[in-house]
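The chain contents come next:
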Amino acid sequence: MNNLSIWQQLTEQSQMRWREVLEATSVHIQLVFFSMLIAIILGVFLGILVTRVPKLTTLVLGGTGVMQTIPSLALLGFMIPIFGIGVKTAIAALFLYSLLPIARNTYAGISDVDPATREAAKGMGMTSMQILFKVELPLAIPVIMAGIRTAAVINVGNATLAAFIGAGGLGDFIFLGITRGIDGLILLGAIPAALLAIILEVFFSSVERWTTPKGLKV
Amino acid sequence: MLKFENVSKVYDDGFKAVDSVSFEIPKGELLVLIGPSGSGKSTTMKMINRMQPHTSGKISINGKDNKSYVASDLRRGIGYVIQQIGLFPHYTIEKNISIVPELNGWSQEKIKPRVNELLELVGLDPKIYAKRYPKELSGGQQQRVGIARALASDPEIILMDEPFSALDPLTREQLQGELISLQKKLNKTIIFVTHDMDEALKMGDRIAIMKDGKLLQLDTPEKLLHEPAHGFVEEFIGKHRIIQNPELMPVIDIMSESVVTSLPQSSPEKAISLIRQRKITDLIIVDESKNLLGIVSAYDVIKKVNDIRTIEELMQPISHILQDTASAKDAIIMMDESPFGLIPIVDEENKVVGLVTRGSLLSALSSQWTETEVEVVAI
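Sequence order for the protein chains is S and U.
Read in the working numbering, the first sequence has 162 at position 162, and its numbers run on one by one without any break.
Read in the working numbering, the second sequence has 220 at position 220, and its numbers run on one by one without any break.
Don't read these hints as lab results, they were simulated from the structure.
The C-beta atom is built at its ideal place from N, Cα and C for all residues, glycine as well.
Keep in mind that a hint or two might mislead.
Label pairs and their calculated CB-CB ranges [unchecked claim]: (1) Asp65(U) - Phe33(S): 51 to 61 Å; (2) Leu73(S) - Gly105(U): 51 to 61 Å; (3) Gly157(S) - Lys112(U): 28 to 38 Å; (4) Lys135(U) - Gly157(S): 31 to 41 Å; (5) Glu201(S) - Lys64(U): 50 to 60 Å.
Over the 12 Å line for every Cβ pair with chain U, so calculated as not near, a few chain S residues [said to hold, decoys possible]: (6) Thr11; (7) Gly62; (8) Ile70; (9) Ala116; (10) Glu119; (11) Ala120; (12) Met126; (13) Pro138; (14) Gly157.
Chain U on its own, in the form it takes in the complex (with noise of 0.2 Å):
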C-alpha cells in the first residue's frame, strides 16, 4: 500500500541524504526505520508525507504518488508523531486532539465524542484531562496525547519519529507495550523510527536498516538476527543482542544434538554402562524411528538392576517437551518447572532432534560474557 521506488534525497550541496531506496509497506504492518544518526532514516519517513520532499523516484500511496496531492491535504492524511511531541501549548488537550478533524471539516457534534474516545484509547481519562493544558500533564502523558492527535481523524498511516526517545525508560516501555497493543486493534500502517535496536526488535513486524542514506536490510527481526545481510547489520543488531532477546532466538540453537537415547526393550546393564560412559543422569527413551517415549532416571536404573528385565519397566512419561519451533525464552521458561531439569526438543513428527538441560541453557547464556572477554583481549 505504501511503495517506495528509487526514491533520492539529494540537497542542494550535492549531499545524498537517501540514495535510491525501494520498498513496500503492507496495509497494517509496524516498519521499523533505524540506523545511526544521519542514515536518512528520518528523512526517509519524512518523505512519505513531504515534510522533506523526494528529489527523485517516485512514493506511493494506495498507488497514488504522493506528489499528486496538496502538501497540506496529503499530511491530514496521515498522522504524526514527534519526539519533541511538539503538542500547542495555548490549546486544551481536548483542542489540540481536535485539530485534525478541524481541518478536516467534521462538525462539532463528530468531533467531541472522538476526543472522548481516543483518550480513552490512550489511557487518558476524559473527565480529568480534556480541559487541562498541556503543560499540566507529564512527558508520557503528553505523547499519549501526540498518539491521540495522530489518530484524531483515523489515518491509515502513522508516521513516528523517535516517539519514546525523550521519555524516561519506565514510561518507554510501557507505551511501546501500549503502541503494540493499540496497533494489534487498529491494525494501522505504522513507520517508525529509532535508534534503539531493542525498540526496534520489541516493536518491528519488519525493520529496516540504514546507512549512509541506503537500505541494506529490511526483514522480520527473527531473520534480521540470524541472516544479517551486511557486516555493518550485524555489527549495528550486536552480536550479543540475541541473549538479550531470548524470545528471538529459536531453541534449536541452544540445544544439544547429541542426545543419549535408549530403546525401551533394552536391558539394565546396557542403559547402566550407557549412562556411565555418557556421565548423564536421565536416559530419553525413544522407538526404533526416534519417536520420544519417555523418560528414565539413572538412580533408578541402577537401584532396580536386578529387578527388572527391561529399561521400558521404569519408563517414565515426560510432560515438558518443546517443538523445534519454540523459542529460548520458552526453553527457559519451562526449564524452572520441569521435574527433570531436561526438555526433549522434538519436531512436528515428535521425533527427538536434540536436548535442552540447565548446563546447555547456561552456557548459551553465559556465551555473551566470555565472548566479550575475548574480544576484549583481541583489542
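This is chain S alone, in the form it adopts within the complex (with noise of 0.2 Å):
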C-alpha cells in the first residue's frame, strides 16, 4: 500500500470511507458549532460584564487568557476528569479556549466606543440598557466579530484533537494516519479540516462587513 502515490491513497481510500467522512465532518461541524455557541453567548455577556464592573476585568480576561496558554491537548485531558470520555469533555474544552478572544474583543469593542458618544447618550437621557444596546453593542460588533472569527477558525483546528479523547471528529482520519503510515488517510480528514476553516473564515469575514453599521465605513 505504501507504493501507492499519495493521490492514489487518497482516492483509495475516500473511495472506501467517504461515508465515514461524511460522518465525521458532521461530528466536527458539531463540535465547533456548539462550543463556539455557548463561548458567544458566555463570553460577549463576560466582555459586556467586564465593562460594567471593571473590579472584574482582571479576573476575566486573565482567566481566560490563561486558560488560552494551557497546550489544546492538555485542556483536553483535564477536561476527562471532569466530563469522561466523549463529546461533552471535547465541547466543554472547545468551548473554553474559543472564549478569550470573544470576551477580549468584545471588551475592546465597546471600550473603544468615543467617550463622547457615549456622555451623549447618556446625557440625552438614555438608561444604561439603551446605551448598551443602541450604542455600544452596534459601534462594537465589528470588534466581536472578528473576536467570533478568529476564535472559529482556531476552533476548527483544535477540534482535529477531540479524536485523541474519543470525541471523534475528522481528527480520526489523522491520527488513523499517522499510526498506521497512510498519508492518504490523513489528507482524508486533513483536507475536510482545512476547508472547513477556510469556508468559516470566509463566512465569518463577510458577516463582520455585513455587520458594520453604514455610518462607520463611509
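From these two lone chains plus the hints, build me the complex, please.
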C-alpha cells in the first residue's frame, strides 16, 4: 500500500471511507458549532460584564487568557476527570479555548466607543441598557465579529484533537493515518478540516462586513 | 426657574469641586459660566442634569428638586450639547436628531416633520443632510446637528459645555451668531460653559465667574466690566478687554467732560479769544441751561468777525449727537460721518455733558497699548 502515490492513496481511501468522512465532518461541525455557541453567549456576556464592573477585568480577561496558554491537548486532558471521555469533554474544552478572543474583543469593542458618544447618550437620557443596545453593541459589533472569527478558525483546528479523547470528528482520520503510516488517510481528515476552517473564515469575514454599521464605513 | 441653593460637590477624596454655590436663572436667560480650568464651571453645569450629582444643597427646576426625578427622565427634559459633539456615528443625521423624541415615545409621524424643521432651523437642508452620516459632515455642521438634537423635544433648559471650542475661529464666530439669533427666536434657558471671555461677553445675558469651585460674581457683561467685584474677576476679564469690546464701553467713559461752550449772543471777539485760549476748532453753542443749540466753526468766526454782531449768525445746526447712554462703538461709527469731527454727548434733557473728538477717541483706544507698555516695564 505504501507504494501507491499519495493521490492514489487518497482516491482509494475516499472511495472506501466517504461515508465515514461525511459523518466525521458532521461530528466536527457539531463540535465547533456547540462549543462556539456557548462561547459566543458567555464570551459576549463576560465582555459586557467587565465593561460594567471594571474590578472584574483582570479576573475575567486574565482567567480566559490562562485558558488560552494551556496547550489544547492538555486542556482536553484536564476535562476528562470532570466530564469523562467523549463529545461533552471536547465541547467543554473547545468552548474554554474560544472564550478569550470573544470576551476580549467584546470588551475592547465596547471600551473603544468614543467616550463623547457615550456621554452624549447618557446626557440625552438613555438608560444604561439603552446605551448598551443602541450605541455600544452596534458600534462594537465589527470588533466582536472579528473575535468570533478568530475563535472559530482556531476552534476548527483544535477540534481535530478531540479524536484523542474519543469525541470523533475529522481528527480520527488524521491519527489513524499517522499510526498506520498512511498519508492518504491523514489527508482524508486534514483536507476537509482545512476547508472547513477556510469556509468559516470567509463566512465570518462577510458577516463582519455585513454587520458593520453603514455610518462607520463611509 | 432654575435655582441653586448652597450647592456643593465634594469628591470622595475630599476635593471640593463646587463650593456652596447659590444663584437663580430666570426663564429665557442665557447664562455663561466661565472660569479657568478646574474652577468648577463644567461641574456646576453638569449638576443640573445630574451628569455630576451634587453632594449637598438643592437644585430646583421650576420649583421641583432635580433629585426627585429618575436621572434618565430628568435628562430627557434637558438639552445637552458637548464640546466633542458626540453624534452617534452609526445613525444618520435624521436618526441622531430623533433620539430624544423616540425615547420620549413620540410617533414617527410627529418626529419626521420635527427633524426637518430642526435641520432648517440650524441651517442644514434636510433634503441634503437628513440621510447622511455624521462622518460625512464638517465639524461645524456636526455641531449644528448637535444643537438640533438638543432642541429636538423642545426642552425648556439647554446645557452647553464649551460647544464651539473645538471649531475653527471662523465657524465658531458664525455659530455664536446663529445661536444668539436662535435664542431670540426660541427663548430657551441656556447654561453655556466657556473659558473664552470674548465668547462670554458676546453670548451672555449674564456671566458667572467661577474660581476654585466658588462663584465670584454673577452680573451682566456691562456690570462685570465696570464693577468687577473681585480682584480676580478684573484680572480674568483682562484690563484691556473693554477696548476690544467698544460696544460694552459707555461713551461717557471716553468723552471729555470739559466742553468749551458759548452762549449764542456772545460777541465774535469774545469767541475768538476763547478759541485761541483753548486751542479749539469749533465752539459748541448752548443756552443758559446748557441745552445744545448748535455749533460755530472757529474758521468762520475769524473770517467774518467784522460782519457779525453775535456768533448766533454763524451757528449751524448739529446733526451728529449721541445720548450719554450710547456706547463707545456708537461714537466710533458716528465719528466717521460727523462733518465737524466731533460728537456732543447730551443727557435725556438735551443738556451737553461732554464731547467726543477724534483725539479723545484715539487716546481712549490707544490707552491699551500705552498701558501695556507700562506693565511690561513694571515687570
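To see whether the hints hold, each was checked on the structure:
no.	hint	result
1	Asp65(U) - Phe33(S): 51 to 61 Å	holds, 55 Å
2	Leu73(S) - Gly105(U): 51 to 61 Å	holds, 56 Å
3	Gly157(S) - Lys112(U): 28 to 38 Å	violated, 51 Å
4	Lys135(U) - Gly157(S): 31 to 41 Å	holds, 38 Å
5	Glu201(S) - Lys64(U): 50 to 60 Å	holds, 58 Å
6	Thr11	holds, 52 Å
7	Gly62	holds, 27 Å
8	Ile70	holds, 38 Å
9	Ala116	violated, 3 Å
10	Glu119	violated, 6 Å
11	Ala120	violated, 3 Å
12	Met126	violated, 7 Å
13	Pro138	violated, 5 Å
14	Gly157	holds, 34 Å
Going through the hint list in order, the structure does not satisfy hints 3, 9, 10, 11, 12 and 13.
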